[in-house]
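Participant: Listed below are the residues making up each chain.
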Amino acid sequence: MIGIIQEQHPDRARLFMQWKNMDWPLLVDSLNLYGTKVVPMTLLIDEWGIVRHTRPRPADVETFLATRYPRPDNLADPPQWRDSDEELGQDAALADARFLGWQLATLRGANAEPATLSDALERYTAVLKDHPDDASVRFRLGVALRARFDSGEGEPGDFRHAVEQWSAALALDPNQYIWRRRIQQYGPRLDKPYPFYDWVEEARAAIRERGETPVELSVEPGGAEFAAPARAVETAAPDMEEPDPQGRIERDRQERDGGASLIELETVVVPNTSRPGSYRVHLFWRPNHARKAHWNNEAEPMKVWIDPPPGWRIDRRVQVIPNAAAATSRELRHVEFELVGGDESPPGPAKLRGYALYNVCEDETGVCMYRRSDLEVELRQ
Amino acid sequence: MRTAQRALIVVAMLALSDGASTSAQSAFREGEPFPPIVLPTVSATGAGEPRSVADFRGEKIILHMFASW
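These protein sequences, in sequence, are chains A and B.
6 is the number of the first residue of the first sequence in the working numbering; add one for each residue after it.
53 is the number of the first residue of the second sequence in the working numbering; add one for each residue after it.
The shape of chain B in the complex, shown without the other chains (with noise of 0.2 Å):
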């Protein structure tokens, strides 16, 4: 994916979240580790590895949690 795309979908992700945790706390505090439990993957295709958040230290990461509805 071209890094424009991936730059409009980020900032269309925030839109969506920004209203949405308004109200209740953030469980993931600025400045601590992003706890980093290991869970299966999926993609169109089938699943793949399971991976956490570790795997991929060394990058930046911009991560979404959502549920598809």
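The shape of chain A in the complex, shown without the other chains (with noise of 0.2 Å):
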């Protein structure tokens, strides 16, 4: 028996293989280089890998068992894994050369060279420049990009640009129903909520239950990757009170040339890929390395205040983020919250602000400060 799993992040295939005790092969295809547009499939192949049956069922198997079949005329070599670009030549399949030997080592906890991963990038976007109807290498452009940003080395905007190739290329190829999940995870809750990974508090307690120790993972899902009730980032109560309507805490922001504040902002909109008019909001704050900037854990918690539009529905609008076990820290910090545009709320582009407070010190031995940081997000409809 082997397996092919779709899954950007690997090492949740890991934790369900911990947990189901899975001890056959199992293939990560974080790519959908397979193309699979339905899951889950069961194809029985014979001994030559000639698919005899595409929806087996009970008695197929059997059948299938005990059959030998004839060896083809035409038997290719198996192909082998490639490290090097000689016989690839310049096209996606290098890229996905590059991405998939930089997964691996990532997966080993070997050093994965950050350019491998740039690279692969890289060649994505030009093979994109000529063929910007090229479905499969958009949406794999965005499994790239986020395992870019996942990896901690991701340049600014890589989730959002991600979002944006996965969304384009779903709209090129509406039926792939594995892009539409992948948007899904990090979109709103929908409707219907998907369990996409409920499973993994359960897997961690059996697991914990055998006195063994859960796999590790390196990305833990978000709001959207589960049906039940969100899990909540904040220990405020639901009706806490705007933390500063007035605005008299200081801004972070630099008044000499350049500008960087000490603690950057990224945003990521992810639409819901069957309702216009819903959303779900990332955002995200990074220590600017440049000014040696860290989050200081020795005083209050940062709280986020959002202001969404005028006839918008929030899920939450304040939010805190416990400080991390460290005196400092330079992690980054995330939150998400989800919005729905009503009958009232006019046509058009709609913004949505708020803003961010926190403890941030500037230098390992520098000014530590309580500031505030503004934010606006464009929500286009």
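What the hints contain is simulated information worked out from the structure, not anything from laboratory work.
Values in this document were obtained by computation on a predicted structure and should not be read as measured data.
Heads up, some of the hints might be wrong.
Between beta-carbon pairs, the in silico distance windows are [as the list claims (entries may be wrong)]:
| # | chain 1 | residue 1 | chain 2 | residue 2 | range |
| --- | --- | --- | --- | --- | --- |
| 1 | A | 330 | B | 81 | 29 to 37 Å |
| 2 | A | 319 | B | 98 | 35 to 43 Å |
| 3 | A | 322 | B | 100 | 17 to 25 Å |
| 4 | A | 158 | B | 84 | 35 to 43 Å |
| 5 | A | 369 | B | 98 | 51 to 59 Å |
| 6 | A | 248 | B | 100 | 15 to 23 Å |
Take a look, some chain A residues computed to stay more than 10 Å from chain B by CB distance [claimed, not checked]:
| # | residue |
| --- | --- |
| 7 | 113 |
| 8 | 121 |
| 9 | 250 |
| 10 | 278 |
Virtual Cβ for every residue (Gly too), placed ideally from N, Cα, C.
Taking the hints as your guide, dock the two standalone chains into a single complex.
Facilitator: Pasting the structure below:
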């Protein structure tokens, strides 16, 4: 028995295998190279690699196992894992090889070279210049962008660009169910939330009960990936008052040339794939590396306040991000929330506003301060 | 894994697959080779060698294409 899993985050596949005690080979097809449009699917493949049944019934399995199939005349040599580029030429296949090589190194816990992944991204982009309607390559570019975002070596905009590429791919091929689900797992929870990763908690509990340690996930499933009520980042009560209504807290901005703030904000808006006017917004805050900024975890936790556009509904206006355990840290901080436009909301682009309040220090032994960072996000309808 | 266990798993998977592929055409055709793409493999303990379906030539394969969700 062999499995091929469609999964953006391969360590989740490992956790799944651990939970189910799967001991058969599992191939990871994050890029959807197989072009699979539907899961689950079972195929019966004979000893020469020929598909014998595409929708087997139990009786077919019996027949299949008992039949000795003839060797085909034109049996091809098995393909090799390609690390070198001489045979592949300058096209998407080389980008695929780069990405898969990087992914394998990451999975092994080896030093996966960021340059390899960036090379894959450049090659996908180059293919799309000549073939802008190659939907599969657009999807793969999105997968690689999101992977770079998750690696910690991402560039600003990687996640947002991933969503843009996936959306463009889906627009070219709306029947691609795997691509649709890839967007939905980061998007609004839909009218009927889909239990993408509700199994994770159950798996972890079952594994611990066996006396084992669950596989660690590099990226925890987010708000849209559970069908059950959203896991709360906040520890504050939902009806918490606006923390700085008069805007009295000093803004995080540099007065000198450059204008870079201590904490940099990135926003990603993921639309509902079936219904316009519904979004999941992701906000990411990253300490500015050049200014040696870091979070001060010895003061009050970070708060985020959101003002939805007039007439829009939001699932949470205020969120609190708990401090990390160490006195200082530099992790990426993330909140997400959902908005739905109402009948009373005016047509055209809508803007949501808000701000974050946080304790931040500059330099390892530098000045620490409490700052506010305003934000504005456009929701195109 | 014992043969009986494997057989049960296959039957369960077939039951799951049956409803899923009704409207979508299968991209894989009976009588045609299954494209042997080399992909990373994973296990509970880490990552294995890259493999393709062609590495299992000589053995019959019950292939399950799925997502954890």
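Participant: All hints, please: hold or fail.
Facilitator: Hint check:
1. The hinted window of 29 to 37 Å between residue 330 of chain A and residue 81 of chain B is violated, with their beta carbons roughly 55 Å apart.
2. In this structure the hint that residue 319 of chain A and residue 98 of chain B lie 35 to 43 Å apart at CB holds, the actual value being about 41 Å.
3. For residue 322 of chain A and residue 100 of chain B, the hinted distance range of 17 to 25 Å is not satisfied, since their beta carbons lie about 47 Å from each other.
4. Between residue 158 of chain A and residue 84 of chain B, the C-beta spacing of about 40 Å keeps the proposed range 35 to 43 Å intact.
5. For the pair residue 369 of chain A and residue 98 of chain B, the supplied restraint of 51 to 59 Å is violated, since their beta-carbon distance comes to about 35 Å.
6. Checking the proposed 15 to 23 Å range against residue 248 of chain A and residue 100 of chain B shows it is violated: the Cβ atoms sit about 50 Å from each other.
7. Interface exclusion of residue 113 of chain A from chain B breaks down, the closest Cβ pair being 5 Å apart, not more than 10 Å.
8. At roughly 14 Å, the least C-beta separation between residue 121 of chain A and chain B is larger than 10 Å, which holds for a residue marked as non-interface.
9. Interface exclusion of residue 250 of chain A from chain B stands, the closest Cβ pair being 41 Å apart, more than 10 Å.
10. Every Cβ of chain B is farther than 10 Å from the Cβ of residue 278 of chain A; the closest lies at roughly 15 Å, confirming the non-interface assignment.
Hint compliance for this structure: hints 1, 3, 5, 6, 7 are broken, all remaining hints hold.
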